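K.L.:
For reference, the chains in residue letters:
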Amino acid sequence: MNITQAEVDRLNSIEGRVRGTVFQTDAAYIKGIKGEGGLSLVEQKIQEWGCAISYSSIKASDWFPVGCRALSILSAQEVFSWDEEDVRKMGYAAPAHSFVVKMLMKYFLSIQQTYKQSAQYWPAHYTIGKLETPEFNEKEQYMIIRLKDFSVHPVLCAYFKGYFLRLTEIASPYQDLRVEERSCAFQDGKDHEFFLRWEK
Amino acid sequence: MPQKKKPGDPERAPLDLETLENYVRDLWRFLPLPLCSFNPMHKALDANAALASLSLYKEDEFVGQHLSVFFPKDKNPKNMASLVLEKESATQETNLQTKDGKLIPVNIYSQLRKDEKGETIGYFLGIVDMTKEREFKQEMEERVRQQTRQLEEKVGELERFQKIAVGRELKMVELKEMVEKAEKNLQQCQKFNQKN
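Here the protein sequences come in this chain order: A and B. According to the working numbering, the first sequence holds residues 1 to 200 in order. According to the working numbering, the second sequence holds residues 1001 to 1196 in order.
These are calculated hints, taken from the structure and not from any lab test. Heads up, a few of these hints could be off.
[Stated by the list, open to error] As a list, the in silico DSS-like pairs of lysine-lysine whose alpha-carbon atoms are at most 30 Å apart:
hint, chain 1, residue 1, chain 2, residue 2
1, B, Lys1114, A, Lys200
2, A, Lys200, B, Lys1058
3, B, Lys1058, A, Lys102
[As the list claims (entries may be wrong)] Sample of chain A residues lacking proximity to chain B, with all beta carbon distances greater than 12 Å (derived):
hint, residue
4, Gln44
5, Ser81
6, Tyr92
All values reported here derive from a predicted model rather than from experimental measurement. Ideal Cβ positions, reconstructed from N, Cα and C, are used throughout, including at glycine.
I would like the entire structure built from these sequences, with the hints used as guidance.
P.N.:
Written out as structure tokens, the structure is:
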């Protein structure tokens, strides 16, 4: 997948910021599967694209332009020729690498509670977009996570599919969880809606 | 020039959190004892490098897995899960199943985690590989068995010898008595012959 300069410029011009912790999580994953050398290549690529990201010295609480969030994943995708499934795997691994997730998980004693509270953690990481939790259906065994006003890049849809799936696996007793994005801002112009279904 | 944030300054909190995070991460990595933490639904939240090395699961593969994935051959997995939540701290003997399906005998030390209200928010598990201890114990038991067998054989030999020795002794006594009797008879015969 080749990213055009116009696309890079569009991403770099998006208003909004993201916490440094997401890049630490990317770095931990890339280093884990591709080693230090692989991470250097990704860093080189993202810097070529105009993001001042140095994975080794990044601080979790620092703010960065939100476009860099997508460019971090896109640079890994370009360097390693990843497809959408590889990006989903990266998102799936993210909660396991995130210290913040571990800190917060202790307060989530049930999936319903986690679901209700998850929305309030979005603004701690992103200054744009809004996470909503409109429906949790225990009987029909599904829940919906809605992401509003967040049209950064489609690569993040694949990433969030993996991320929400893993987070739900950790916070719930359910088996055989599946996720699909039923609505996408890049396809139908509506909000992103992630539909998670499970077997008991 | 940006002002330095003093301790107690709320804006300093993220920096303090990062320092704490690095400390916990370094300590967690350094500890040679296999460790992991679970939430109250028995889903793994974290595992250290020592446990990854023992179990062959990568650290991130642990996260989100249910307790029963690692201890499936437990005699009563429900008991194990409930015991760790019932007691403040507990010790159990069980087997850890590695990623390649191998069972490793382990001792598990569990410790509950509670929040400021005293509600259980999960638990830590410390896992001690007992393979060498079990092998040593089995070796010792085998040695004791072998030595007991050898001892029993020796006792048998002694008993047989004793029987032979005692029989010989009795025969000697009998022969001695016969000799004494014969000597008495001979003396009587000699006295009789002298008189006549």
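K.L.:
Take the C-alpha atoms of Lys1058/B and Lys102/A, compute the straight-line distance between them, and say whether it is at most 30 Å.
P.N.:
Distance ~17 Å between Lys1058/B and Lys102/A Cα, so the pair holds.
K.L.:
Does Lys200/A lie within 30 Å of Lys1114/B when you go C-alpha to C-alpha?
P.N.:
Between Lys1114/B and Lys200/A the Cα gap is close to 28 Å, so the pair holds against 30 Å.
K.L.:
Run the distance test for Lys200/A versus Lys1058/B: straight-line Cα separation, threshold 30 Å.
P.N.:
Measuring from Cα to Cα gives roughly 27 Å; hence the hint holds.
K.L.:
Would you check whether the claim that Ser81/A is not at the interface survives, using Cβ distances to chain B and the 12 Å cut-off?
P.N.:
The claim holds: Ser81/A sits with its nearest Cβ about 22 Å from chain B, beyond 12 Å.
K.L.:
Please settle this one: Gln44/A was flagged as non-interface, so is its CB more than 12 Å from every CB on chain B?
P.N.:
Answer for Gln44/A: holds, closest chain B Cβ roughly 25 Å.
K.L.:
Determine whether the non-interface label on Tyr92/A survives the test: each CB of chain B must be over 12 Å from its CB.
P.N.:
Violated: least Cβ distance 9 Å, not greater than 12 Å.
Figure legend: structure checked against the earlier numbered hints; the only hint not met is number 6.
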